[in-house]
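Trainee: Chain by chain, the residues run as shown.
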Amino acid sequence: MSSSVSELKERHAAAIETVNSLRERLKQKRQQLLDVDVAGYSRSQGRAPVSFGPTDLVCCRTLQGHAGKVYSLDWTSERNRIVSASQDGRLIVWNALTSQKTHAIKLPCAWVMTCAFSPTGQSVACGGLDSVCSIFNLNSPTDKDGNLPVSRMLSGHKGYVSCCQYVPDEDTHLITSSGDQTCVLWDITTGLRTSVFGGEFQSGHTADVLSVSISGSNSRMFVSGSCDSTARLWDTRVASRAVRTFHGHEGDVNTVKFFPDGNRFGTGSDDGTCRLFDIRTGHQLQVYYQQHGENEIPHVTSIAFSISGRLLFAGYSNGDCYVWDTLLAKVGHHSGRIGSYHLPFPLQVVLNLGSLQNSHEGRITCLGLSADGSALCTGSWDTNLKDILIQELITVMKLKVCQYISVDAQFDSLQNNAGVIQSKLARFGLLEGTGGCSESLGSERLVNLLLNLRFWLTSFCCFLLP
Amino acid sequence: MQSDRSDSRGLNTQRTQSLTGSGDTRGKHRIQAELKRLEQETRFLEEELEQLDKTEKASAACNETLRNVEAIPDPLLPITNGPLNPLWDRWFERPKESRGCRCWIL
Numbered sequence: 001m002s003s004s005v006s007e008l009k010e011r012h013a014a015a016i017e018t019v020n021s022l023r024e025r026l027k028q029k030r031q032q033l034l035d036v037d038v039a040g041y042s043r044s045q046g047r048a049p050v051s052f053g054p055t056d057l058v059c060c061r062t063l064q065g066h067a068g069k070v071y072s073l074d075w076t077s078e079r080n081r082i083v084s085a086s087q088d089g090r091l092i093v094w095n096a097l098t099s100q101k102t103h104a105i106k107l108p109c110a111w112v113m114t115c116a117f118s119p120t121g122q123s124v125a126c127g128g129l130d131s132v133c134s135i136f137n138l139n140s141p142t143d144k145d146g147n148l149p150v151s152r153m154l155s156g157h158k159g160y161v162s163c164c165q166y167v168p169d170e171d172t173h174l175i176t177s178s179g180d181q182t183c184v185l186w187d188i189t190t191g192l193r194t195s196v197f198g199g200e201f202q203s204g205h206t207a208d209v210l211s212v213s214i215s216g217s218n219s220r221m222f223v224s225g226s227c228d229s230t231a232r233l234w235d236t237r238v239a240s241r242a243v244r245t246f247h248g249h250e251g252d253v254n255t256v257k258f259f260p261d262g263n264r265f266g267t268g269s270d271d272g273t274c275r276l277f278d279i280r281t282g283h284q285l286q287v288y289y290q291q292h293g294e295n296e297i298p299h300v301t302s303i304a305f306s307i308s309g310r311l312l313f314a315g316y317s318n319g320d321c322y323v324w325d326t327l328l329a330k331v332g333h334h335s336g337r338i339g340s341y342h343l344p345f346p347l348q349v350v351l352n353l354g355s356l357q358n359s360h361e362g363r364i365t366c367l368g369l370s371a372d373g374s375a376l377c378t379g380s381w382d383t384n385l386k387d388i389l390i391q392e393l394i395t396v397m398k399l400k401v402c403q404y405i406s407v408d409a410q411f412d413s414l415q416n417n418a419g420v421i422q423s424k425l426a427r428f429g430l431l432e433g434t435g436g437c438s439e440s441l442g443s444e445r446l447v448n449l450l451l452n453l454r455f456w457l458t459s460f461c462c463f464l465l466p
Numbered sequence: 001m002q003s004d005r006s007d008s009r010g011l012n013t014q015r016t017q018s019l020t021g022s023g024d025t026r027g028k029h030r031i032q033a034e035l036k037r038l039e040q041e042t043r044f045l046e047e048e049l050e051q052l053d054k055t056e057k058a059s060a061a062c063n064e065t066l067r068n069v070e071a072i073p074d075p076l077l078p079i080t081n082g083p084l085n086p087l088w089d090r091w092f093e094r095p096k097e098s099r100g101c102r103c104w105i106l
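Chains as they are written, first to last, in the UniProt record's numbering: chain A, 1 to 466; chain B, 1 to 106.
Isolated chain A (complex conformation):
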């Protein structure tokens, strides 16, 4: 008995050697095919980086209501609603345009990690440490305690549900990823598993799966990202093995997102990089990495592409959110069109959304683009959701000033600095009986903020203080 075991162990060791050497050969062969990356190619075609400044992204809504960290958010496929999941054990459904909450769902298990909106907008799904994916029909009547009942529980995972996404165009199927190393395609009408991808008896991820993304152009294809440092492409018709495994990352792959054209996908990892992979060839087309100047490399926790794919929004574990030009692999830089004023701080090469939002408190944990790509929503540790926009107009600037005041006030109020709030609000006519913005701006933070604004309309340059 024991010699047979030791013989097996030898064969096992030999098999590992074989696999490793094959992997090495694959790596070398692939390297030879990587004649250029996306940035090199785009430069050779004469493309310039997107000209982008901190003021091109304007926070135009702050959705307040969660009492804990916001872990996940998802937009509807019609344009304006968002579902968010928080550490406070609730899902909230928002109308992002009006900032109204339409539903606040108390969850049976507070440890939620993910949420998703169904394609028709009639249902939301969530999952977390309870290993179950719960479905709520938003049109159901509430129970006697005023809570929305669970309309379906999808049980079967042997580990936490890290991510879920409905299959596009139907409310009847969704895909989950789990700490049990599998992804599952569920039939919601029956509550049963249609297919299990990976796991005990099949080839698949060898560690927790943290994220899934379904292709928008071919809903039979999805990618998954895992703690085994790989991303895998799956065809829902073939559960026995992944179509392709993508190596390259040197740490957990925390997030995956299909590229808008459906032939590529992006990833974000604990190794601090985002990468772009091509699904047909398997090539790693681009790495997005910027030295953050710190000892510890921040992990990439969430990513999203703009609707064309030109922009890659990446949230990091230190709370930063960078906007990458995917074609030129540059973080969007300031164009310098701020007039003749000297900034009190050096021009930032990096466009960091976190720096626009009191980042000493804000830590961006999740993000998502609206269906038409016109707005980005971020969820953060300060328990708010913030909608961020590009393209500044007069009304937006007014709104922005007010919004920043209100956010400011919120933080200051946390520090019991009521007197300061009052005077700030008064300057901007937000207290009854007070005047407009004609007074000079004394607040240091406001001055920095306003100096950081970039104007599309030059007639407003006079707004800047001498």
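Watch out, some of these pointers could steer you wrong.
[Stated by the list, open to error] Pairs of lysine to any residue residues, derived as SDA-like cross-links and limited to a Cα-Cα distance of at most 25 Å, are as follows: (1) B:Lys36 / A:Ala14; (2) B:Lys36 / A:Glu7; (3) A:Lys29 / B:Phe44; (4) B:Lys36 / A:Ser203; (5) B:Lys57 / A:Ala48; (6) B:Lys36 / A:Phe201; (7) B:Lys57 / A:Phe201; (8) A:Lys29 / B:Pro73; (9) A:Lys29 / A:Phe201; (10) B:Lys36 / A:Lys101; (11) B:Lys54 / A:Asn218; (12) A:Lys29 / B:Arg43; (13) A:Lys29 / B:Leu49; (14) B:Lys57 / A:Leu34; (15) A:Lys330 / B:Glu93; (16) A:Lys9 / B:Ala33; (17) A:Lys29 / B:Glu46; (18) A:Lys101 / B:Lys57; (19) B:Lys57 / A:Tyr289.
Simulated from the structure, these hints should not be mistaken for lab results.
Chain A is already provided as a structure; the job is to place chain B on it using the hints.
Mentor: Below, chain B without anything else, positioned relative to chain A:
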């Protein structure tokens, strides 16, 4: 986690035995399963190596990426091709519940 992963229904009886001291049987099944997985992995890797002989270079995919990105109008870009959709600007309208701020820009 790894030890949990290798427990299957077939191993439950083995587990009882191992608790009473027959650790080898459990080890054997686990190694066999691992071996099988590795052999399968080897086959997949060999297939992939063969496929790579017929795979085009990255520049082709880069070209396609560039063309696809530039073909789609993007509301978040400072400059983008049309058609522009006026609905993209709906975020600029003040939300209805705003506090009637009277601030204005000089």
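Trainee: Run the structure past the numbered hints and jot down the numbers of the failing ones, going up.
Mentor: 7, 8, 9, 10, 15, 18
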